[in-house]
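Asker: Full structure from sequences and hints, please.
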Amino acid sequence: MSADFLYGIEVVINGLMAGVLYALVALGFVLIFKASGIFNFAQGVMALFAALTLVGIMEGQVPFAHLINAVFGTNIHHFGWQVPAILAIFMTVLVMIAFAWAVQHFVFRHLVGQEPIILFMATIGLAYFLEGVGDLMWGSSIRTLALGLPQGGSLWVEEMTSGLGGDDFYGFFIDKLDMVATLVALVLVAGLVAFAQYTKQGRAMRAVADDHQAALSVGISLSYIWVLVWSLAGIVALVAGIMWGAKSGVQFSLSLIALKALPVLMLGGFTSIPGAIVGGMIIGVGEKLFEYTIGAPYLGGATENWFAYMLALVFLVFRPQGLFGERIIERV
Amino acid sequence: MKMKTLAAMALAGSMAAGTAMADLVIPDLSYRTGPYAAGGTPFSDGYQDYFALLNARDGGIGGEAVRVIECETAYNTERGVECYEATKGEGALIYQPLSTGITYQLIPRATADNIPLHTMGYGRTSAANGEVFNWVFNYPANYWDAASVAVNYLLDENGGSLDGKTIALVYHNSAYGKEPIRTLEELSAMHGFTLTQLAVDHPGQEQKSQWLQIRRERPDYVLMWGWGVMNQVAVQEAANIGFPMENFIGNWWAGAEHDVTPAGMAANGYKSLNMNPVIDYPVLAEIQSLVHDAGNAAGDGSHLGSVLYVRGMYAAMLAAEAIAKAQEIHGVANVTPAMVRDGMEALEITNARMTELGMEGIGPEFAVTCQNHGGAGQGLVQQWNASSGVWEPLTGFISPDASVIAPLVAEDSAAFAAESGITPGCL
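Quick note, the sequences are listed as chains A and B, same order.
Just so you know, the numbering used here puts the end of the first sequence at 1732, numbered straight through with nothing missing.
Just so you know, the numbering used here puts the end of the second sequence at 1067, numbered straight through with nothing missing.
Don't read these hints as lab results, they were simulated from the structure.
Don't take every hint at face value.
Which bits of chain A does chain B cover? Going by a derived footprint, with three or more residues having C-beta under 8 Å, they are [claimed, not checked]: (1) 1530-1542; (2) 1702-1710.
Listed below are several chain B residues computed to face chain A (Cβ distance under 10 Å; list not exhaustive) [unchecked claim]: (3) 678; (4) 719; (5) 841; (6) 842; (7) 869; (8) 882; (9) 903; (10) 939; (11) 1066.
Beta carbons are placed, not taken as given, at the ideal position from N, Cα and C, and that holds for glycine.
Answerer: Given below as structure tokens:
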């Protein structure tokens, strides 16, 4: 087989895995939109905040240390201990659950029945607030996420596949971190789908998603379900923050990963968990393949960002609810 | 009684205002928040701490206290312009915009307001032509110098010839990232190497396509014009594909500690340009004792001595020296922005002076003239030692190829003069 063809396959494989990383971010959007109709602008910042909190806890950093030092003239930064990764992840999950409760209690409880645009604006405010709180709590330095996740290309894959082509083919490159991310994403999706299908809380969540009024009439607590959904979105944000943070270090640009999730949502639909994964993969493969075949050779490169949105737009034209979104039926 | 109290307060207020107005006002257009905060914070800490040192040790500059006004831009061009407009009325003497985007917006404004800009190692490269850009200074070096310094280093590494070699440029797909392309194209034609250009879209978190292409094409060297998260991801991706780190060279905005630490040991051997080597300058101990220990540090003190902290401190030193020069030229301590511009244009930085200031070797010797606002244009190459967590200077200061850079500066500045209706000349 020709090297060009084989490298095309390599691009597709890497596109699929990049798409899974996009989907990890998109999942959080889907969970909240599905249950409450809120487009959560703060999802990217939640990923940042969760990752910052995880690293802060692991390193034994004193939250709000800079503020405390400025007010009281102290010079404290760390507690002097380090927290094992598993325990730190558990503690971060607790923080994200507390955040979900606070969001529901202090913001959305007071906005029940408001127009979707009002709820969207509230999430914009939430995003900036959370970014500021994250900065105050943990500082703005770039931190290394020491979870021991594997990095680098898989030599085994490279050696096994290097014989497929001639001397100008060096074997497939597959990033070990991407492989882990794919595995984690599959487990996460399976877990979320199982939760929604087979647990009492999951069924209640689906009932709220289908019809708020009907769910309320059978005694489901809207408030409880929203806390549950925001908690799940917080946990998904933590997973996304870990995977993206492992690539670049935990830093404030993590909040911008939401930009990669938007075309995935447009394509996969705002209400489908599997749709987020499939949409992510289509976007990932589409943008990488376009860059490989047309973008880099003929257009000067850097086409991935706009091509992802263009691809999503094309899908929107033919299927406005997205590939897996619920069919929009308006009756007069 | 009440009227008397009010009158006394008003008088005290006006006296306080009078005192404040007599200070040497230096705005600091910082970015401590947002995606680029990790780079903006140490620079701003170094910039402010040096002026705090001058106040604490010398009573300011020429007996006049320095008052730094910090304004947060979040590395956002619109907010940078707002900061400029909000602070210029305070009597701002010199601006360090710390962003190429903000610099482009401020060039016409600062020129109209007669306030000098110092864009150290960034901004509009052709501003080195002081006859066109009377109010803009980009000493000690600019992007085109950096491109030439990198190529000169590689020439030295390859016995004086790059003929037949391939160099890939991985660049931020912005005005900043595209700056070196023209120079590298000229140098490519001159030295016979093949230049491959790989653009990375903002913010640069996803670079798989670019690094797969590098893995396929196997260039001899990769140069990088990156900033923010693009740097950390690029270093990690280079390590992932097994690209030899010693053949990967970033520019001076891609060579701070935080650019390499996320990749851990995998970043070992990565190189970058620098305009200020990181060594143990005596002035750092003075800042520690007179500023940090006195509780007057601009930040939390954790960045003291880092690459970008030292660069901020270096920028502050150059501003302070220009102010001192202006005081000397005009014979007054309370100088105006126009006088500071004169001081900048007459600035001469010597090794003896840098040693006297406790900063021996922090930059090259250079003298500014009306024709040359760009300084010596020299840079050095440093290499990351991941074991010790230190950027180690590999070379001394390397000069750029003036025969390539000077015509490009002349051409670009002439075009700017024509489109802006400027008649080149000295003030």
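Asker: Compare the structure with each hint and give your call.
Answerer: Quick rundown of the hints versus the structure:
1. Here's how the stretch 1530-1542 of chain A fares: 7 of its residues keep a CB closer than 8 Å to some CB of chain B, so the rule of at least three is met and the hint holds.
2. Using a Cβ-Cβ cut-off of 8 Å, 3 residues of the stretch 1702-1710 of chain A lie near chain B, which meets the minimum of three, so the contact claim holds.
3. Using the Cβ-Cβ criterion of 10 Å, the hint placing residue 678/B at the interface with chain A is satisfied: the shortest such distance is roughly 5 Å.
4. Interface restraint check for residue 719/B: the shortest CB-CB distance to chain A comes to about 14 Å, outside 10 Å, so the restraint is violated.
5. Among the interface hints, the one on residue 841/B holds; its C-beta lies about 5 Å from the nearest C-beta in chain A, closer than the 10 Å criterion.
6. About 8 Å separates the beta-carbon of residue 842/B from the nearest beta-carbon of chain A, less than 10 Å, and the hint is met.
7. Evaluation of the residue 869/B hint against chain A yields a held restraint, the C-beta minimum of about 4 Å falling below 10 Å.
8. With a least beta-carbon distance of about 7 Å to chain A, the hint placing residue 882/B at the interface is held under the 10 Å criterion.
9. Of the supplied interface hints, the one on residue 903/B holds, with its beta-carbon coming within about 8 Å of a beta-carbon of chain A, less than 10 Å.
10. Interface restraint check: residue 939/B against chain A, minimum CB-CB distance 8 Å, threshold 10 Å, status holds.
11. Taking 10 Å as the C-beta contact cut-off toward chain A, the hint placing residue 1066/B at the interface is violated, the least distance being around 40 Å.
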